[in-house]
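Put together the whole structure using the sequences plus the hints.
Sequential numbering from 1 applies to the sequence shown in full-length UniProt numbering.
These aren't lab readings, by the way, just hints derived from the structure by calculation.
Yeah, the Cβ is synthetic: ideal placement off N, Cα and C, and Gly gets one too.
A couple of the hints might just be wrong.
What the hints assert, rightly or not - So the derived label-pair ranges between C-beta atoms look like this:
(1) 170 to 98: 28 to 34 Å
(2) 103 to 170: 26 to 32 Å
(3) 56 to 141: 46 to 52 Å
(4) 207 to 178: 32 to 38 Å
To be verified - With a straight-line cut-off of 27 Å between C-alpha atoms, the simulated BS3-like cross-links for lysine-lysine are:
(5) 209 to 103
(6) 103 to 217
(7) 209 to 144
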Amino acid sequence: EEEDMETEPAYRSQNRGGGTTKPGYSRAKTVDPVARQRWRMAPETKSVRGRNDKELCCDRCNGPHETQECPVYRKPRPKHKDAWVNKGRKTPLAMGSSGGNVKVSNARVVRQPGDGNCLFHSLSYGLGDTNAHSLRRQICGFIKRNPNLEIGGDPIRDWVQYDSNCSVPQYAARMSQNGRWGGGIEIAACAHLRRVNVHVWERGYWGHKRISCFEVKG
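In structure tokens:
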């Protein structure tokens with residue numbers, strides 16, 4: 001579901017407060033245009049004595065300054081799972097695995113209705129034997145029944161807590177509402193529910209690049 005993935009990167013549902021974490025919940029390495037402009041307009045920041053500014057990298061905006069002196073994001077970074085779980089890990093935990101360096105130039109885009117159910121329209125189109133509303137109910141029921149199912153090394157209940165700060169039954173009830181945007185939790189649940197592999201693609205000027213894989217062993 002290509003459009004949903006572009007406008008709602010990585011696994012962000014509608015009730016979130018925003019953010020640009022890519023699928024996999026790893027920290028982004030680039031500065032968004034707004035942050036970049038704010039950084040350019042901000043006053044100069046201090047450098048650490050004896051260190052070249054090129055060696056510095058802010059954890060909040062990736063600018064060449066100390067994190068605590070960031071002129072773009074002055075408040076501490078929130079300790080949500082997608083902000084800290086992979087720090088220092090050689091093999092990052094992720095809801096979906098890396099898409100690798102796979103690109104295609106001749107993909108066919110199948111547009112889906114932009115009614116708030118586009119993720120479920122896309123998944124149901126790929127499955128071919130259901131529709132968006134029925135699949136939404138199935139996925140939400142699966143999430144509610146399987147709070148302890150591990151996805152990317154953590155149970156669904158933890159992903160729900162970090163995502164929406166509520167219980168699994170509350171989350172499932174909320175997500176079952178028509179028009180509620182789905183995200184990574186729903187993609188992963190669909191993969192396990194239907195025993196299928198779901199790959200997420202992102203459009204670029206060169207074609208499409210696979211950015212995440214939700215795969216089920218066996």
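Worksheet item: Against the structure shown, which of the earlier numbered hints fail to hold, in ascending order?
Response: 2, 7
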